[in-house]
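2 protein chains.
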Amino acid sequence: MHKKIVLTGDRPTGPLHLGHYVGSLKNRVILQETCQQFVMLADVQALTDNFHQPQKIRENILEVALDYLAVGIDSKKTTIFIQSLIRALPELTMYYLNFVTWNRLKHNPTVKQEIVQKNFGESVPAGFMIYPVSQTADITAFRADIVPVGDDQLPMIEQCNEIVRHFNRAYNTQVLVEAKAMVSRVPRLPGIDGKAKMSKSLGNAIYLSDPEDVIAKKVKGMYTDPNHLRVEDPGQVEGNPVFVYLDAFDPDQENLAEMKAHYQRGGLGDSVVKKRLNEVLQAELEPIRLRRQEFAKDPGAIMNLLLEGSDKASETADATLRDARKAMCLDYR
Amino acid sequence: MHKKIVLTGDRPTGPLHLGHYVGSLKNRVILQETCQQFVMLADVQALTDNFHQPQKIRENILEVALDYLAVGIDSKKTTIFIQSLIRALPELTMYYLNFVTWNRLKHNPTVKQEIVQKNFGESVPAGFMIYPVSQTADITAFRADIVPVGDDQLPMIEQCNEIVRHFNRAYNTQVLVEAKAMVSRVPRLPGIDGKAKMSKSLGNAIYLSDPEDVIAKKVKGMYTDPNHLRVEDPGQVEGNPVFVYLDAFDPDQENLAEMKAHYQRGGLGDSVVKKRLNEVLQAELEPIRLRRQEFAKDPGAIMNLLLEGSDKASETADATLRDARKAMCLDYR
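Taken in sequence, the protein lines are chains L and S. Residue numbers are given in numbering that gives the first Met the number 0: position 91 of the first sequence equals residue 90, and the series is strictly consecutive. Residue numbers are given in numbering that gives the first Met the number 0: position 58 of the second sequence equals residue 57, and the series is strictly consecutive.
Pulled out of the complex, with its shape left as it was, chain L reads as follows (with noise of 0.2 Å):
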């Protein structure tokens, strides 16, 4: 039977956070015992709105290659490549680009969304907006069936099945495979200061890489309800960031729905269900960081097993390419 084919991946922009963790990274590491899946750092995607500053990027493909490693995901199960070593995506990009126009990238909803928060304003660099475009060159390079996303990615999913019927029907083919969203169930990590969305540009994240004593001081600091503020006051636990946090990783739900309980009817305070959420954080986040501590001692044989990575994900890339190549008479040798 066809073992489902799993694309995703991060770009290479900073290390990795308990949003990711939650988000994405846990579900990879239950995939990749079902699935063929492929995890991208997406350098080049990176680069389009950070393209004076390559260093980051560079330094941050190591970073990232660590958090997955440290979580679990297995490259000896998981194919971990470098999207700029896969010389098939940036051609079948270009060929791609002739079946969309202009005008329906200009209303992609993700795209539209992204340009007025990174404050483009009039100076949109051509490659961010063609990015939905490559994006299908790297699905339909792997033949992927599933892509994990976020519900706010839905239309990027759905401009790339539509550069696949249209390629299909021009050329006669079937060489371009529809992927399927598989929209995440879990619902979005905030920020340790409350804000809707966990982010390395808000600087409200735990990392998976912060060390011991950094976690407890950003656990202390965290907004929970601001109009908790005495001990016996009834609190809010629906939206307060340290009971979703406990919701997501504390193992003992019971223990936790009493807290929950508590907290509302009053006489609990903040500090008690922080040391709490400590506790758990710590016992999740140790051994990650542990693993990841001794795959840094050696980040030469980490880069190597990107490049191998790197290598097997181009031969099947290569073999699309080539036989979508093929299907534009494109077939010269």
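What the hints contain is simulated information worked out from the structure, not anything from laboratory work. Careful: at least some of the hints might be erroneous.
Intra- or inter-copy, both count: the list cannot distinguish identical chains.
[To be verified] Heads up, simulated SDA-like pairs for lysine to any residue below, C-alpha to C-alpha not over 25 Å straight-line:
1. LYS76 <-> ARG332
2. LYS274 <-> GLN112
3. LYS55 <-> GLN173
4. LYS196 <-> ASP246
5. LYS196 <-> GLY22
6. LYS325 <-> THR12
7. LYS55 <-> THR319
8. LYS117 <-> CYS328
9. LYS179 <-> ILE301
10. LYS75 <-> TYR331
11. LYS296 <-> ARG332
Given chain L, work out where chain S should sit, using these hints.
Chain S alone, transformed into the frame defined by chain L:
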């Protein structure tokens, strides 16, 4: 001393005609003696507005290559190659796309004009919009000093050099070389129907591959001075396609001057002038046609020659890409 490097080429969308011959091919035969010349069969670019007709592009790769060889472009002196076989080109294109804004592309005068000509309306393929960036990859990959162009293409070279400067500044490098446009001083050859431009799409061209009788028939049917109704009427020489062609091709320019004077004062019939033009064109085109027929006997050998040229071109382009990637901190290996 550094030999000047020339990059030029054609979109393989149809066989080449007299306009190409006068405007560029003859020049290439001269340039190959003193420069390092790369001539590109731009199949990828041709696909941007012919993506649904890949077979047409494929067939014309061979036709155009035959035209090249027939006019005397020598594969030992000139590297003739197929664009889609040069893997560095799409990759460089992707990186360069970060250095040009969406708005800048939209306002490129050459692109704007061509969008109107090609009746794209609101449905401009993104692949077409970005072709100035793709051309920048073509030019810079070979570190071309000189790019022969028509004056309508000057904004393209300007855009190319803009990207070169941005890239070099951003990565603090001198990897990319600015190119100089070499604007043809040869006046554009009108169509046989008197329209300003000889072109495949207008169906008003004399092809290098046209047989003798087809040339004779096309010359006989040529548009001349519409007010030159009777032989004894004075006729107009300026802008009269028959005389424009004679200016370009007649080796006996003294006799031509006499014919012009005669035509202007009246008494010289169109048929006499056309007879002369037919003689001149047949003399020019016969050896080309014969060489073409000779080369056409072994299409396999021609394709091998293109593949060899493409390998050679790939080496050069890969060296540039390697330097560019190093500047971008993408030198993982």
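We went through each hint and held it up to the structure:
For a Cα distance limit of 25 Å, the shortest separation of LYS76 from ARG332 across copies, 23 Å, qualifies, whereas the shortest one inside one copy, 34 Å, does not. Taking the shortest Cα distances, LYS274 and GLN112 never come within 25 Å of each other, neither inside one copy (38 Å) nor across copies (67 Å). When the C-alpha separation of LYS55 and GLN173 is checked against a cutoff of 25 Å, the pair qualifies only between copies, where the shortest distance is 21 Å, while the shortest distance within a copy is 39 Å. For a Cα distance limit of 25 Å, the shortest separation of LYS196 from ASP246 inside one copy, 16 Å, qualifies, whereas the shortest one across copies, 72 Å, does not.
Proximity of LYS196 and GLY22 under a CA criterion of 25 Å is satisfied intra-copy only: 11 Å inside one chain copy versus 60 Å between copies. Taking CA atoms no more than 25 Å apart as the test, LYS325 paired with THR12 passes between copies only; the shortest distance there is 19 Å, against 36 Å inside one copy. With identical chains, the CA atoms of LYS55 and THR319 are at most 25 Å apart between copies only, with a shortest distance of 23 Å across copies and 31 Å within one. In this assembly of identical chains, the alpha carbons of LYS117 and CYS328 lie at most 25 Å apart only when taken from different copies (23 Å versus 40 Å within one copy).
For the identical chains of this complex, LYS179 and ILE301 are neighbours neither inside a copy (31 Å) nor across copies (45 Å), given an alpha-carbon limit of 25 Å. Proximity of LYS75 and TYR331 under a CA criterion of 25 Å is satisfied inter-copy only: 21 Å between copies versus 35 Å inside one chain copy. For the identical chains of this complex, LYS296 and ARG332 are inter-copy neighbours only, at 20 Å across copies versus 45 Å inside a copy, given an alpha-carbon limit of 25 Å.
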